[in-house]
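Trainee: So you can see what is in the structure, the chains are spelled out below.
Number of protein chains: 2
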Amino acid sequence: MALIVQKYGGTSVGTIERIKNVADRVIRTQREGSQVVVVVSAMAGKTDELIGLANEITRTPDPREMDVLLATGEQVSIALLSMALKEKGVEARSYLGGQAGIITDDAFGKARIQSIAAEAIKRDLDAGRVVVVAGFQGIDEQNNITTLGRGGSDTTAVALAAALKADICEIYTDVEGVFTTDPNVYRKARKIEKISYEEMLEMSSMGAKVLQIRSVEFAKKYNVVLHVRSSFTDEPGTIVCQEDEEMEDVLVSGVTYNKNEAKITIKNLPDRPGIAARIFSEIGKANIVVDMIIQTPSTQGGHANLTFTVPIGDYEQTLKITEKLARELDAGDVVGYEDIAKISIIGVGMRSHTNIASKMFEALANEGINIMMISTSEIKISCLIEQKYTELAVRALHDAFELDKPPREDT
Amino acid sequence: MALIVQKYGGTSVGTIERIKNVADRVIRTQREGSQVVVVVSAMAGKTDELIGLANEITRTPDPREMDVLLATGEQVSIALLSMALKEKGVEARSYLGGQAGIITDDAFGKARIQSIAAEAIKRDLDAGRVVVVAGFQGIDEQNNITTLGRGGSDTTAVALAAALKADICEIYTDVEGVFTTDPNVYRKARKIEKISYEEMLEMSSMGAKVLQIRSVEFAKKYNVVLHVRSSFTDEPGTIVCQEDEEMEDVLVSGVTYNKNEAKITIKNLPDRPGIAARIFSEIGKANIVVDMIIQTPSTQGGHANLTFTVPIGDYEQTLKITEKLARELDAGDVVGYEDIAKISIIGVGMRSHTNIASKMFEALANEGINIMMISTSEIKISCLIEQKYTELAVRALHDAFELDKPPREDT
Numbered sequence: 001m002a003l004i005v006q007k008y009g010g011t012s013v014g015t016i017e018r019i020k021n022v023a024d025r026v027i028r029t030q031r032e033g034s035q036v037v038v039v040v041s042a043m044a045g046k047t048d049e050l051i052g053l054a055n056e057i058t059r060t061p062d063p064r065e066m067d068v069l070l071a072t073g074e075q076v077s078i079a080l081l082s083m084a085l086k087e088k089g090v091e092a093r094s095y096l097g098g099q100a101g102i103i104t105d106d107a108f109g110k111a112r113i114q115s116i117a118a119e120a121i122k123r124d125l126d127a128g129r130v131v132v133v134a135g136f137q138g139i140d141e142q143n144n145i146t147t148l149g150r151g152g153s154d155t156t157a158v159a160l161a162a163a164l165k166a167d168i169c170e171i172y173t174d175v176e177g178v179f180t181t182d183p184n185v186y187r188k189a190r191k192i193e194k195i196s197y198e199e200m201l202e203m204s205s206m207g208a209k210v211l212q213i214r215s216v217e218f219a220k221k222y223n224v225v226l227h228v229r230s231s232f233t234d235e236p237g238t239i240v241c242q243e244d245e246e247m248e249d250v251l252v253s254g255v256t257y258n259k260n261e262a263k264i265t266i267k268n269l270p271d272r273p274g275i276a277a278r279i280f281s282e283i284g285k286a287n288i289v290v291d292m293i294i295q296t297p298s299t300q301g302g303h304a305n306l307t308f309t310v311p312i313g314d315y316e317q318t319l320k321i322t323e324k325l326a327r328e329l330d331a332g333d334v335v336g337y338e339d340i341a342k343i344s345i346i347g348v349g350m351r352s353h354t355n356i357a358s359k360m361f362e363a364l365a366n367e368g369i370n371i372m373m374i375s376t377s378e379i380k381i382s383c384l385i386e387q388k389y390t391e392l393a394v395r396a397l398h399d400a401f402e403l404d405k406p407p408r409e410d411t
Numbered sequence: 001m002a003l004i005v006q007k008y009g010g011t012s013v014g015t016i017e018r019i020k021n022v023a024d025r026v027i028r029t030q031r032e033g034s035q036v037v038v039v040v041s042a043m044a045g046k047t048d049e050l051i052g053l054a055n056e057i058t059r060t061p062d063p064r065e066m067d068v069l070l071a072t073g074e075q076v077s078i079a080l081l082s083m084a085l086k087e088k089g090v091e092a093r094s095y096l097g098g099q100a101g102i103i104t105d106d107a108f109g110k111a112r113i114q115s116i117a118a119e120a121i122k123r124d125l126d127a128g129r130v131v132v133v134a135g136f137q138g139i140d141e142q143n144n145i146t147t148l149g150r151g152g153s154d155t156t157a158v159a160l161a162a163a164l165k166a167d168i169c170e171i172y173t174d175v176e177g178v179f180t181t182d183p184n185v186y187r188k189a190r191k192i193e194k195i196s197y198e199e200m201l202e203m204s205s206m207g208a209k210v211l212q213i214r215s216v217e218f219a220k221k222y223n224v225v226l227h228v229r230s231s232f233t234d235e236p237g238t239i240v241c242q243e244d245e246e247m248e249d250v251l252v253s254g255v256t257y258n259k260n261e262a263k264i265t266i267k268n269l270p271d272r273p274g275i276a277a278r279i280f281s282e283i284g285k286a287n288i289v290v291d292m293i294i295q296t297p298s299t300q301g302g303h304a305n306l307t308f309t310v311p312i313g314d315y316e317q318t319l320k321i322t323e324k325l326a327r328e329l330d331a332g333d334v335v336g337y338e339d340i341a342k343i344s345i346i347g348v349g350m351r352s353h354t355n356i357a358s359k360m361f362e363a364l365a366n367e368g369i370n371i372m373m374i375s376t377s378e379i380k381i382s383c384l385i386e387q388k389y390t391e392l393a394v395r396a397l398h399d400a401f402e403l404d405k406p407p408r409e410d411t
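Heads up: the protein sequence lines correspond to chains Y and H, in order.
As numbered in my numbering, residues 1 to 411 make up the first sequence, in order.
As numbered in my numbering, residues 1 to 411 make up the second sequence, in order.
These aren't lab readings, by the way, just hints derived from the structure by calculation.
Note that the structure is a prediction, hence the values are computed from the model and not measured.
Check before you lean on any hint, since a few could be wrong.
Said to hold, decoys possible - Listed next, with one range per pair, are the computed distances between beta-carbon atoms:
{"hint": "1", "chain 1": "Y", "residue 1": "Ser375", "chain 2": "H", "residue 2": "Asp106", "range": "43 to 53 Å"}
{"hint": "2", "chain 1": "Y", "residue 1": "Glu338", "chain 2": "H", "residue 2": "Glu56", "range": "14 to 24 Å"}
{"hint": "3", "chain 1": "Y", "residue 1": "Asp126", "chain 2": "H", "residue 2": "Arg327", "range": "27 to 37 Å"}
{"hint": "4", "chain 1": "H", "residue 1": "Gly313", "chain 2": "Y", "residue 2": "Arg28", "range": "17 to 27 Å"}
{"hint": "5", "chain 1": "H", "residue 1": "Lys209", "chain 2": "Y", "residue 2": "Asn143", "range": "53 to 63 Å"}
{"hint": "6", "chain 1": "H", "residue 1": "Asp106", "chain 2": "Y", "residue 2": "Arg28", "range": "50 to 60 Å"}
{"hint": "7", "chain 1": "Y", "residue 1": "Arg28", "chain 2": "H", "residue 2": "Asp24", "range": "46 to 56 Å"}
{"hint": "8", "chain 1": "Y", "residue 1": "Gly284", "chain 2": "H", "residue 2": "Phe232", "range": "45 to 55 Å"}
{"hint": "9", "chain 1": "Y", "residue 1": "Tyr222", "chain 2": "H", "residue 2": "Gln142", "range": "26 to 36 Å"}
For glycine and all other residues, C-beta sits at the position ideal for the given N, C-alpha and C.
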């Protein structure tokens, strides 16, 4: 008998009507002969409502108490879904994170799962029950409630699928799957049938919001096959799994963009060993993650210009740190620029195909788009451009790599 | 160092502003040199909102899941109050029912506390922390969430006060204390300074909504001194404690009324041994609690009329059961009547004073109010009257026993 973990996001359980629909889908899956574990998020809007209450009290809520507060969102969902299942005549039982045996570290608000003791769930499944688990939450070893951070319900689902050795983990969301690019930006965006964990990780970190990165890492580590699909249709979505030969035939799987970075340049930095390390270690101490970096020779001899990007939310703080450092290091002006976008093409096929980078640069050049910075990984090439060209660049790259055509026709 | 348990009801934590006020009061109590355990209810309206969600799914929600759902209300309150305390610079820690070691039976929705393991709370108190406990909830031995039923937060507070051997248990509510009668019915109603557990129990069961009966039983059993007071003023409220000599000097402590019963009469019941037992055992099987009972000879020889009262919510069902029984037992008509009220006077002084009943009947007679049924206990006399005379009767009795005058002037 197959064991399926299904995860439903906040939109999928956003109203009582939708919760009833989820119940119908769960029941259908069970009737088709599978054991079903359902992981649910808080009803859409609920988490923001709770955060709003906390913020009326303080701008800096105690992290432990914040987790106690936020965990109620998923608790409401599991109770309501279990009631709906029982109302439809199906035996079901709700599990809080702690009841499901999900033990995490004690990093409130961003806890990491350390172990899962799923015996109770297994017993309920074997007794024919549907098991409904609160996503996003666990308990630490001192029995404190913890939460896994935004999108943590995906991680809960994948971790449970791994612990239960489930056949598949279905992630139900409000989009139909993973697309070659944002369909809001380009109407030719095509739903991807199958994608590797590595590509999915790059897509997620590049701004595709479908899956939380940590859940994909988890799936990759434990080889859990994911099926990302819509809770509003019966169409198949996108399978996320281990790379196979077929995938390598595809040059580029997707085009992503990210408008949430800003660029900072330190001019005329004395070109001495250890200076860059000093700068990035100071920024790192402030828990700011630097993304792209380039160093170019300055027109002033023995000096260099150092440019890097940081998340837009950390921009002001990074600017302050950098300006202070520039004075200390006897460097020139610090120049910040926010109106940038990072455009990336992603594909495992890059490993075995050449000339993909040049094809990308050419496509951008044909549209008159200047490239400010470039960074590459084994399966990704990113270019920093003026933000106003974002959509134009996405469409140009999508066309250049013929992403609107299904991969089978390519080969 | 004194240990004080404070319980704040839903109205007292009904808004963020009020939660902040509660935090101020808790901090003041701690600064005055006490260890403080705070028990809170769900924010006013929250529980009804959750019940509303469940009722959108089903009229008969699964009891286990209902408790999972309802327990979130108090969980939100403890998180917010703990945040508010920390924001004001006071160390605090929230406890769910289960975390506080409150173990109950598994009667979902009306669970009874079986034990409290309060070691963790004691450690936090000794470390100088304010401990904030979710009222109304616990866990059973299988780690399922349970709730204690409406008003259960009072019980949580009293049970914790007993387990921690607290010096006093303060019940903060939206009224100033226990009154000689409902101030909405008679403006001369006076706040009672001190009242015995027994009187409080009778007052509660007769419709005074200040304290949940079970919490008073608990307080009596473990001799926990209660202080019922308003969270909106600094005025002392009403102390509920063991009976003392002073209390015996008071003839009557309060007048209560209850409009939530209905009366049923079976006419011409064959007057045979065991017939009344048969009737009340059938009604009891339906979990309906009969209150007052009288049997009077019928005009038809060898027959009797049997009259009794039941809660208005059980009226229709009782009528059906009774009509069926009447046919089986070859009795006459069954007559129901809903427009009744039960008026009671309560006072431990009745034990040592005579003529209180006759004074009550006289006061009612003087207003032309007919008495349909009478029941008495050691410290209470109740009369069933036409509902339309309720307020008139309350005021007449309040005047007759001079309840507007403080007891010290009486003696």
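Trainee: Quick check: which numbered hints come out false for this structure?
Mentor: Of the numbered hints given earlier, those the structure breaks are 1, 2, 3, 4, 5 and 6, listed in rising order.
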